[in-house]
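Below, each chain spelled out in residue letters.
Number of protein chains: 2
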Amino acid sequence: MSDLKSFVAANGDRMLQELNDLLRIPSISTLPVNASDCRHAAEWVADQLRNLDCEVELLGSDTHPVVWAKGPEVPGKPVVLAYGHYDVQPPDPLDEWETPPFEPTVRDGNLYARGATDDKGQVFAIIKAFEAVSKGGKPPVNMRFLIEGQEEMGSGVLFDLLDERPELVEADAALVADTQYYAPGIPAIEVGLRGICYGEITVRTLKGDLHSGLYGGVAPNAHETLVHLLAKLKTEKGKINIPGLYEAVKRPAKAERDAWAKLPFKEREFMRDEVGAKALTGLTRYSVFERLWGLPTLEIHGIMGGFTGEGAKTVIPAEATAKVSLRLVPNQKAKTVEKQLIKTVKQLAPTYADVSFSFIHGADPVLVDIGAKPFDLIDQAFREVEGRGIVFTRSGGSIPVVAGLAKRGAPVLLAGLGLPDDRLHAPNEKIGVDQFLNGIRVYGRFFELMAE
Amino acid sequence: MSDLKSFVAANGDRMLQELNDLLRIPSISTLPVNASDCRHAAEWVADQLRNLDCEVELLGSDTHPVVWAKGPEVPGKPVVLAYGHYDVQPPDPLDEWETPPFEPTVRDGNLYARGATDDKGQVFAIIKAFEAVSKGGKPPVNMRFLIEGQEEMGSGVLFDLLDERPELVEADAALVADTQYYAPGIPAIEVGLRGICYGEITVRTLKGDLHSGLYGGVAPNAHETLVHLLAKLKTEKGKINIPGLYEAVKRPAKAERDAWAKLPFKEREFMRDEVGAKALTGLTRYSVFERLWGLPTLEIHGIMGGFTGEGAKTVIPAEATAKVSLRLVPNQKAKTVEKQLIKTVKQLAPTYADVSFSFIHGADPVLVDIGAKPFDLIDQAFREVEGRGIVFTRSGGSIPVVAGLAKRGAPVLLAGLGLPDDRLHAPNEKIGVDQFLNGIRVYGRFFELMAE
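Those sequence lines, one after another, are chains U and F. Each residue of the first sequence is one higher than the last, beginning at 6 in this note's numbering. Each residue of the second sequence is one higher than the last, beginning at 6 in this note's numbering.
You may find that some hints are simply not true.
For each label pair, taking beta carbons as the anchor points, the in silico distance ranges come out as [as the list claims (entries may be wrong)]:
(1) THR104/U with GLU272/F: 40 to 48 Å
(2) GLU241/U with ASP263/F: 54 to 62 Å
(3) GLY161/F with GLY281/U: 34 to 42 Å
Pairs of lysine-lysine residues, derived as DSS-like cross-links and limited to a Cα-Cα distance of at most 30 Å, are as follows [said to hold, decoys possible]:
(4) LYS242/U with LYS237/F
(5) LYS237/F with LYS244/U
(6) LYS267/U with LYS75/F
(7) LYS271/F with LYS344/U
(8) LYS271/F with LYS244/U
(9) LYS212/F with LYS237/U
(10) LYS242/F with LYS212/F
Bear in mind the hints are in silico, worked out from the structure with no lab data behind them. None of these values were measured; they are calculated from a predicted model. For glycine and all other residues, C-beta sits at the position ideal for the given N, C-alpha and C.
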């Protein structure tokens, strides 16, 4: 314990500089123009792991490879698999960043950059923890790293890889550092993640755009049709109007909901300071935690088509496209929900409109079994570093591969370092410098405890 | 008459080449980046008029000046004012153009370019008609030109100018070439134009964009709020839900509606070939003509905000903006409608959302009195060239300055050269080469008849 503390104290600045090097690479996986940056980030991670005497393989893709690494063999010791990702979300809207997204900057104890918390900062903390406990080339456990480059676009390459080579993820514990504390000073294990079904709904009503003066009043407007369709797809009260959608939803057990109700939580402060809204919306007869963690949601992310330039253009748009996604909860299946959505969209569309749904990516929701011993050990590691143990929460977000890891049998520890105000996927994403440095100590201690 | 025919036969190719030079200038008035192109187009028009011995003034704006010109004095002859505009609409979506919008191209008897029919081709036909009848420097009438560069953005500069110097538009007839034939071979005078109220509705629900996994289910989504607001603002049946909006609407007289009912019109062909839709929508208990010419409409032109890039970004948008416009009919007033819209938008918005309306441009609707003699003369000119006289129609479009011209007393002749399939404001805008050349003969003959 004191070894780890002094290691971090002695090497903190150097490790932050290394993290900055990784954060400078704009490895945005959803944008084809950044494919070579994704490759660059993968190589950078691979080099880090090679320096720690790992055997490294870049697998599955030339542009967004899965970095798989195997630490030095330690006979008789357990196998620990660490999962994370080196890809990031697009940074727009750029003008809302106080400092540029790919120029990491420390302000007031936080490191700001796209990917700071999601997920470069977190996965790098595991790598540095492994460095900390590997002094002299003899780490306490048999380490495996699985660090992918498509988490933000659905992990397609990784799914295929796990189907082909399931042995890559055989382990006694899988540590996933892509989640957050419940609150500052209150570490959490997430026992559930929502799944996702993301795609585009496109409506076409005309062969081509028309002049709104000459044809306004008789020509069907694609945006108008889309707007009515979207308004029907989810009510103002937050109910999603997709027949059958809620039938598969398994409500969290009363014991779990009771535990959530005991978490320290001030709804007013959450609304005002964290969400930044004048009201919380959705299915308000359920608690905030149940709406976030235990119920599906449907969101519109953006609407394309027509004229969106500066000034005025009086056009009746022929085509309109909405980017939408559903978040899914146990026991919904992404494939089933996709089919339900397509069917509903076709039914809601007027006969004069051509409507289609184009699937982009998906992931099933996941619930992990928290009975295994590694849960006690990570709890102890947090206790030693943070002075308090974990609470069990869920997350409303999705980490596509977790369902696949859980299926293969290792206890999956969703034990991340983020904080609720880290603004992942949004402008001014950050990670607390202390969260990063303490995380190195927590993970290092966890490796030591696993070896005992 | 035969003089004009031989002039056009001898000079047609040269005049088309000159028109192409004007069409190559991307004088998009609504885009600030094209301000110098607008100035360029104004200078080009001014040079043309100076070559016809006109005194030319560029008025009201350095970047989008009104070109005002006075032809040689012809004592005892009437004053004819010609109105048109040299500015054009933005060309997007660019990928739907068969040939680039600012590289004029003739295919199958049509000249394709942005501005071909709206309005460079039409206003240039008047200039060339004046050239045709000005042989030897002695034109038949006292000619005035009023050619502006802000028609597509509301004519603000011109309005101010007319308030300051109303004498600029004193005339015995005002010829406006910015409209269309009823059908090929059937010239039309438009006796009514719809007005417009164009602006942006913006909804803000959050301080900043949020991650849809972490906050989806409780955070108000700006796009969702906007979608519900827009869906309420106009029903699927086409009724605009703005209290008081329809009260000012004066229905066209039965005689006018009866005349419309006698116009040759095949609704099925119109729907399929001209509109390019599977159904005509709107207030279907009114005729197509009444919906287009006699009733207001509300259109969504585009929706901004959130994520509209390639791929997937799981964001809850904090802000969403819709470009919208209303077309107005007698006796609605643009200013009143703007106030009604703002009030309604604020009432429809949920309390947790900040909603605003940002006005971009407007114009009152207009009805012209068709009793004056110049209407008979333009009818005769069309008879001589086209072999048939005019029909009286209206237009659903708006020409902001027409209300101002009509108010100042000269009979306003909305006698344009376009055809219904010219795709103004849309990709692949065109003008028929014969429409352009015949138009020169019609306008030239009209000047001769005015002088008799």
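Checked hints:
1. THR104/U with GLU272/F: 40 to 48 Å: violated, 60 Å
2. GLU241/U with ASP263/F: 54 to 62 Å: Cβ of GLU241/U to Cβ of ASP263/F: about 45 Å, so the range 54 to 62 Å is violated.
3. GLY161/F with GLY281/U: 34 to 42 Å: Holds, at about 37 Å.
4. LYS242/U with LYS237/F: Given pair LYS242/U, LYS237/F holds - Cα atoms ~15 Å apart, limit 30 Å.
5. LYS237/F with LYS244/U: holds, 18 Å
6. LYS267/U with LYS75/F: This hinted pair is violated, its Cα atoms lying about 84 Å apart.
7. LYS271/F with LYS344/U: Roughly 41 Å separates the two Cα atoms, so the pair is violated.
8. LYS271/F with LYS244/U: Between LYS271/F and LYS244/U the Cα gap is close to 44 Å, so the pair fails against 30 Å, i.e. violated.
9. LYS212/F with LYS237/U: holds, 26 Å
10. LYS242/F with LYS212/F: violated, 35 Å
The structure shown violates the earlier hints numbered 1, 2, 6, 7, 8, 10.
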